[in-house]
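Q: Could you build the full structure based on these sequences and the hints that come with them?
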Amino acid sequence: RNLLSVAYKNVIGARRASWRIVSSIEQKEEGRGNHDHVAAIRGYRGRIESELASICGGILRLLDSRLIPAAAADSKVFYLKMKGDYYRYLAEFRAGSERKDAAENTFSAYKAAQDIALAELAPTHPIRLGLALNFSVFYYEILNSADKACDLAKQVSNQDCSCYYYLFFL
Numbered sequence: 001r002n003l004l005s006v007a008y009k010n011v012i013g014a015r016r017a018s019w020r021i022v023s024s025i026e027q028k029e030e031g032r033g034n035h036d037h038v039a040a041i042r043g044y045r046g047r048i049e050s051e052l053a054s055i056c057g058g059i060l061r062l063l064d065s066r067l068i069p070a071a072a073a074d075s076k077v078f079y080l081k082m083k084g085d086y087y088r089y090l091a092e093f094r095a096g097s098e099r100k101d102a103a104e105n106t107f108s109a110y111k112a113a114q115d116i117a118l119a120e121l122a123p124t125h126p127i128r129l130g131l132a133l134n135f136s137v138f139y140y141e142i143l144n145s146a147d148k149a150c151d152l153a154k155q156v157s158n159q160d161c162s163c164y165y166y167l168f169f170l
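In full-length UniProt numbering, the protein residues as written are 1 to 170.
The hints are simulated quantities; they were obtained by calculation from the structure and are not laboratory data. Since we're looking at a predicted model, the values are computed, not measured. Positions of the beta carbon are idealized from the N, C-alpha and C atoms, including for glycine.
Restraint-style ranges between C-beta atoms, simulated for each label pair:
no.	residue 1	residue 2	range
1	G33	A95	18 to 26 Å
2	D64	A39	32 to 40 Å
3	Q155	A17	24 to 32 Å
4	D36	S5	34 to 42 Å
5	Q155	V6	22 to 30 Å
6	V11	S65	17 to 25 Å
7	A72	R20	31 to 39 Å
8	G46	A73	35 to 43 Å
9	A73	G43	42 to 50 Å
A: As structure tokens, then:
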């Protein structure tokens, strides 16, 4: 499970970084009025987006067809979080209705993972904490909702504090 996650994270991470850099260069060249450069950069960005979509599609199919249906509680949370992550990566570069669909799928996956995590995992469980962090990133970066991101982080922080209290004083 962890090896699969790290392998895909390495593959997707390099392309996400490339996409950010190329998008930044594209904006600078647009600002300078270099239309020939912008056209070439858009073509390259399109190729990166195709690779990102293909990688995300591959892992999402594997998660839906094999891994999530066969998983027990902590693995199910892990894989649903992973599903949310890869839909979030799609939402980062998609536009219009495709972005909206990716964002809705991200929310659904994170929410399903959160429901199981709240019922089955301790507040300090690393998978539960990672899920909360990524759900917060989703609220902040994709939905542009800093308030919801902070609320979720505070909620997790408050739960964890009460758990630490019991660890130290009981």
